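Asker: Take a look at the letters that make up each chain.
2 protein chains.
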Amino acid sequence: MPDSDATQLLASAHLILTRKPYAHGTHPALPKPPRRAKPFAVVIFGASGDLTKRKLVPGVFGLFKEKALPDQFEVIGFARREKSDESFREEMEEGTKKFSRFAPIDAAEWKAFSQHVSYHVGNFDEAEAYQSLKLRLEKLRQSHGIEQFLFYLATAPEFFYEVVSQLNKVGLVGPDNENSRVVIEKPFGHDFKSAKELVTSLQTVIDESNLYRIDHYLGKETVQNLIYFRFANSIYEPIWNRALIDHVQITVAEAEGVGTRGGYYDGVGAVRDMVQNHLMQLLTITAMEPPGSLNSEAIRDEKVKVLRSISTPTPEDVARIAVRAQYEGYRSSDRVDPNSKTETYVGLKLLIDNWRWAGVPFYLRTGKALTKRASEIVVVFRRPPLALFKTQDNCEQLHRNRLHIRLQPDEGIHLRFNAKVPGKSAMGAVDMDFAYKSKFGSYSPEAYERLLHDFIVGDSTLFTRADEVLEAWRIVDAITSGWAQAPVGLYRGGSWGPSESDALLEKDGNGWIDL
Amino acid sequence: MPDSDATQLLASAHLILTRKPYAHGTHPALPKPPRRAKPFAVVIFGASGDLTKRKLVPGVFGLFKEKALPDQFEVIGFARREKSDESFREEMEEGTKKFSRFAPIDAAEWKAFSQHVSYHVGNFDEAEAYQSLKLRLEKLRQSHGIEQFLFYLATAPEFFYEVVSQLNKVGLVGPDNENSRVVIEKPFGHDFKSAKELVTSLQTVIDESNLYRIDHYLGKETVQNLIYFRFANSIYEPIWNRALIDHVQITVAEAEGVGTRGGYYDGVGAVRDMVQNHLMQLLTITAMEPPGSLNSEAIRDEKVKVLRSISTPTPEDVARIAVRAQYEGYRSSDRVDPNSKTETYVGLKLLIDNWRWAGVPFYLRTGKALTKRASEIVVVFRRPPLALFKTQDNCEQLHRNRLHIRLQPDEGIHLRFNAKVPGKSAMGAVDMDFAYKSKFGSYSPEAYERLLHDFIVGDSTLFTRADEVLEAWRIVDAITSGWAQAPVGLYRGGSWGPSESDALLEKDGNGWIDL
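Residue numbers (this note's numbering), protein chains in the order written: chain A, 17 to 531; chain B, 17 to 531.
Calculated directly from the structure, the hints in this document are not laboratory data. There may be inaccurate statements among the hints.
It does not matter which identical chain is meant; a pair holds if it fits inside one copy or across any two.
[As the list claims (entries may be wrong)] Here are the simulated lysine-lysine pairs, DSS-like style, with alpha carbons at most 27 Å apart:
hint	residue 1	residue 2
1	Lys357	Lys155
2	Lys440	Lys71
3	Lys114	Lys81
4	Lys83	Lys440
5	Lys453	Lys54
6	Lys99	Lys71
7	Lys54	Lys406
8	Lys81	Lys440
9	Lys388	Lys523
10	Lys54	Lys440
11	Lys406	Lys83
12	Lys455	Lys406
13	Lys81	Lys54
14	Lys455	Lys99
15	Lys127	Lys54
16	Lys185	Lys388
17	Lys406	Lys388
18	Lys81	Lys113
19	Lys406	Lys71
20	Lys155	Lys185
21	Lys453	Lys440
22	Lys114	Lys71
23	Lys54	Lys155
Everything numeric in this text was worked out from a predicted model, so none of it was measured.
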C-alpha cells in the first residue's frame, strides 16, 4: 500500500481511537484495577480446540488453586459440537491433568473447580446460540451476582468480527458496555490494510478499551522486569539516550526450524510473524520515554509514540536497512512452497527520530534454525574519549561498555566494562552479571495464567492496543513491499544468519554481538 | 593557626610552586616517561634502618629479577656506622632472603645483583661525607655512564632538610638539576605550619618536580584501578555528579588497635595519621574532574583542585561535621598517655563546593579496633522518582542504587540495583559483583617495588605534590583546632565506631553502610 494511504488510514484510526478518550482511560482518571477479580463468567469460543484444554482451562484452574479467583465464577465452553456439560468437564479434566503446572491434580479440588465449568453449544454465526447464551448469563447474574462477562476468542482470526458482532447484537458487548471484555489472539491481520479493517470493524461493535489483544510470547514477567529495570533505578535513565548510547541490538533467535508449521508459516515469514509484534514490543519498551504511571494506557501511549517516531522506509531505504534470508532446506519442509520466497530470517536497522534516539541505530534480528535459542537486548554505549589512554599499551582495547538484558533463556542483566589489568598499563573487559534465578530462585510463571488473570481483573498493560498494531504494520508493510522484487538470501542452519546481516552492521562500523 | 595565615601561606606556596611551570611539567610539554630506566645510582640515607633491608633493597632486587633495571645501576647505602661494602651486602642478602617476594633467592642471582650494592659511611650533617659521595658518583658517571642520581631518605623527618641541603651544597641536587631526584616518606609535617616550613625550606634546595613524597598505603594498583574505572568507561562519568549522586561514603577501617605503635601514634591520631593523606587521596581521586592526560602533573592538578574546593571549616562547623573518639582501652596501651585525648576514630562530613559536587556530602571515616579491616568507597545515587511505583506494594522498598568500589580486602566493584520480584508487584535489591582476583587471578604487587620503579623512571603520579599536602593540612588543621576544647568520645573495640558518627549521617537522613 502506498504510504499516503497508510497515513490517511492511520489518521482516521486515530480519530476512532480517541473518540472516547475518558472512557478507555486517560490515565489520571483511571483507578488502579483491583488485583482480586470481581465475580465473572468467561465464555471460551472455540472450546473444542487444543488451546482450551491445554492452556485456558488449566490456566483458570491454576488461578483457582492460587486463590486468585472470586467465589463466584463460571467457565463456559462455546462450540459447534453437541456435548453435555459433563462430557466437556471430562475433556477439561483430562487436559488439566496433563498440562497443568499443578499436576497431579487432587480429585476433590478438581471436583470443586469443575462445578464452575459448563458447555454451551452453538455455531459462531447462529443468532439463536447467542440469544440462549445471553439468557444463560442473565440467569448467572440473578443467581450468582455475576456482573462481569468475559469472552475469549480461541478461534481463527476470520471469526473475530462475526463472534463479536453477534455478541453485540444481543447486547452482551458494545461501546457502552463496561462489564464485558473480549480477548483475541494474534495474528491481528496480515498487513496494514487487513489489520486496519479488523480494527475498524471491531470498533463498531466493541470499545477498544474492552478489546484485549494477547501477545503472550514475551510473557508478563519479562516485560515488567524490563520496565522495572529501566525506571526503578536512577543510574540507567540518565545514560539512556543518544548522547551516551552508540546503538542497540535486539535479537530473538530460535534454534528450531519451521518444523510442522510450514503450512501456517510459509507466505507469512519472520518479519510478519516476529518483528511486527515481539521485536516491536521489545523495541518500544527499550526506547520509550518514562510513562507517567504504570497504568496500562500510560505505558501503551509511550510505546506507540516510539513507533510513530519511526518513519516509513522507502523501497530504497529497505534495500539499505533490511536483510532477509531463508535457511538452507526450508523449501523442502513439509507444506512449504518449493519456490517459496518467505524469509525465515530478518535483519533490520531502524532509526527512531526523536530527541532521545535520533541517530542511534536499533538493529533487530530474528530467525529460525539459528545457533541457539536466545532473546536479548544489548545496549552498546559510546566509547569514552580515548585521549586519556592514548599513551597506554592497548588503547585500542578500550571496549565499549555494554549492558545485556537477557530475556531467554536464564533471564538476567549483564554489564561489561573496562578495568585495569593488574601490574600492567593495559585494560581488559570485565563482566558483572545478575541472574533472576540466582536471586529469586526458579520461577516459571504459566504465561496464560498470568494473562488470564490480567484479563479477568482488567489490566491491559500486556495487551496490544489497536494503534500499536497498526503503527507496527505500517513499518512492516513498507519492508515487505520494499522486498517484493528482491531475491531472498540463504543461510546455513545452526549459524547466526546470512553474511548480508553482518554487512548491515559493518557499514556502520558495528557487528552483531555473539550471545 | 588562624585561617587568614593559612591562606596567606598557601598563596605564597602557590607562587613558589608555579615559579617554574614548564620545568616541572605543564602537561602538553611533558613526554611520557620511558618505562625502562636509564642507568642510575640510588643512595639510601639511613641504610642501617629496618626499611632498607626489609623493603628497599628487596624491592630493587625484585626489579632486577623482573629485568626492569638497566644494565648499569648502583645501590649505595649511606649511614653513620662504619661498615665494609661486603658486610653491608651480607646484611642486605640476609634481609632479601627473608623479605623478598622472590624468596628463596638463587645464590648466583644474588651474586650478580650484589655487585651493584655498596656502602658509604657518613653522618647526615657531615659535609665531607657528601664530598666523598660526590666523588664516588662522579667516578660512576665516568666508569659506567651513570647520569641519574637518586636519593632515598629512609630517615626521620627531622633530617629531610639537612640531607637535601647538604646534597645541594655539593651540587648533587638543586633547582636546575634535572638528573637528581629525592624521595621522602610521610609524615610531611604534623600540621599546616610545619608542613609549610618543610615545603618552603626544601624548595630552596631542590625543585618540587624532583621531590617525591611517598604515600604507599594505597598502592599503585588501587589508585590506578580507580582512575581507569572512572575514565575508561563511558557509563559512569555522566552520572558522576550532584544531579545523580546523593552522597559518597569513604571508609578506611582497621581491625587492629594501636599495638606497639602507641609511642608514635599518641598525640598524632586518626585525622593526622589517616585522613590527611590516605582518605584525602581517595576523596580526591573519586571527586576529581577528568584529567587532560594520565600524566602525573595533570592528575595532581585535578586532585588539588578538589581540595581547594573544600572550604576551611570554622570551629562551629567542626562541631557539626566532625566526630572523634577513642576505642575503650586505648589509654592503657603501651606508651600512650593515660589521659590521652588522641582520637583513634574520626567520622567526617566534607562538602566540595564546585559545579560537580555542591551539596553532595562526602562522609569519611577511619579508625582502629573496628569490626574489620576494610577500605571501600560507596557511591550512593539519588532515589529515582517514586511516582511511578507509588501504587506498588512496596514503594518504600525502592533502594537507592549503590556502587561499591572495594579496595581492601578483595579489590572489586559491586553494583546494587532494583529488580522486580518475579510473580509479584514488588521490588527487591539485587547485586552484581566484579572481583579483580576472579578475573585476573591473584596479584600481590610489592608496593615498594612499584614505587621504586616509578621513582627510578621518574613517574610521580603516585607521589604527593606539595600543594596537595598543604591543602590537606589546611582542612585537617581546622578540624584539630576546632576540637581543641571538645571531649573525646569512646567506642567499643570491634564495633563500627561511636554512635555520634551514626548521628552525623542520620542528621542528613543517611546512615553508614555496613561493609
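Asker: Hints first: check each against the structure and report whether it holds.
Answerer: Results of checking the hints against the structure:
1. Taking the shortest Cα distances, lysine 357 and lysine 155 never come within 27 Å of each other, neither inside one copy (54 Å) nor across copies (87 Å).
2. Taking the closest pair of Cα atoms, lysine 440 and lysine 71 come within 27 Å of each other only across two copies (21 Å); inside a single copy the shortest separation is 58 Å, beyond that limit.
3. In this homomeric assembly, lysine 114 and lysine 81 come within 27 Å of each other (Cα to Cα) only inside a single copy, at 16 Å, whereas the closest approach across copies is 71 Å.
4. For the homomeric pair lysine 83 and lysine 440, the shortest alpha-carbon distance between copies (15 Å) is at most 27 Å, but the shortest distance inside one copy (60 Å) is not.
5. Taking the closest pair of Cα atoms, lysine 453 and lysine 54 never come within 27 Å of each other, the shortest separation being 33 Å inside a single copy and 56 Å across copies.
6. Taking identical chains as interchangeable, the C-alpha atoms of lysine 99 and lysine 71 lie at most 27 Å apart only when both belong to the same chain, with a minimum of 20 Å there against 93 Å between chains.
7. In the homo-oligomer, the alpha carbons of lysine 54 and lysine 406 lie at most 27 Å apart only across protomers (23 Å), although the nearest pairing inside one protomer, at 66 Å, exceeds that limit.
8. For the identical chains of this complex, lysine 81 and lysine 440 are inter-copy neighbours only, at 17 Å across copies versus 60 Å inside a copy, given an alpha-carbon limit of 27 Å.
9. Proximity of lysine 388 and lysine 523 under a CA criterion of 27 Å is satisfied intra-copy only: 25 Å inside one chain copy versus 54 Å between copies.
10. For a Cα distance limit of 27 Å, the shortest separation of lysine 54 from lysine 440 across copies, 20 Å, qualifies, whereas the shortest one inside one copy, 66 Å, does not.
11. In this homomeric assembly, lysine 406 and lysine 83 come within 27 Å of each other (Cα to Cα) only across copies, at 25 Å, whereas the closest approach inside a single copy is 63 Å.
12. When the C-alpha separation of lysine 455 and lysine 406 is checked against a cutoff of 27 Å, the pair qualifies only between copies, where the shortest distance is 24 Å, while the shortest distance within a copy is 40 Å.
13. In the homo-oligomer, the alpha carbons of lysine 81 and lysine 54 lie at most 27 Å apart inside one protomer (17 Å), although the nearest pairing across protomers, at 80 Å, exceeds that limit.
14. When the C-alpha separation of lysine 455 and lysine 99 is checked against a cutoff of 27 Å, the pair qualifies neither within a copy, at 48 Å, nor between copies, at 65 Å.
15. Taking the closest pair of Cα atoms, lysine 127 and lysine 54 come within 27 Å of each other only inside a single copy of the chain (22 Å); across copies the shortest separation is 91 Å, beyond that limit.
16. In this homomeric assembly, lysine 185 and lysine 388 never come within 27 Å of each other (Cα to Cα): the closest approach is 49 Å inside a single copy and 76 Å across copies.
17. When the C-alpha separation of lysine 406 and lysine 388 is checked against a cutoff of 27 Å, the pair qualifies neither within a copy, at 38 Å, nor between copies, at 40 Å.
18. Taking the closest pair of Cα atoms, lysine 81 and lysine 113 come within 27 Å of each other only inside a single copy of the chain (13 Å); across copies the shortest separation is 73 Å, beyond that limit.
19. Taking the shortest alpha-carbon separations for lysine 406 and lysine 71, neither the intra-copy value of 59 Å nor the inter-copy value of 33 Å comes in at or below 27 Å.
20. In the homo-oligomer, the alpha carbons of lysine 155 and lysine 185 lie at most 27 Å apart inside one protomer (19 Å), although the nearest pairing across protomers, at 113 Å, exceeds that limit.
21. For a Cα distance limit of 27 Å, the shortest separation of lysine 453 from lysine 440 across copies, 15 Å, qualifies, whereas the shortest one inside one copy, 36 Å, does not.
22. For the homomeric pair lysine 114 and lysine 71, the shortest alpha-carbon distance inside one copy (10 Å) is at most 27 Å, but the shortest distance between copies (73 Å) is not.
23. Within a single copy, lysine 54 and lysine 155 get their C-alpha atoms as close as 17 Å, which meets the 27 Å cut-off; across copies the closest is 100 Å, which misses it.
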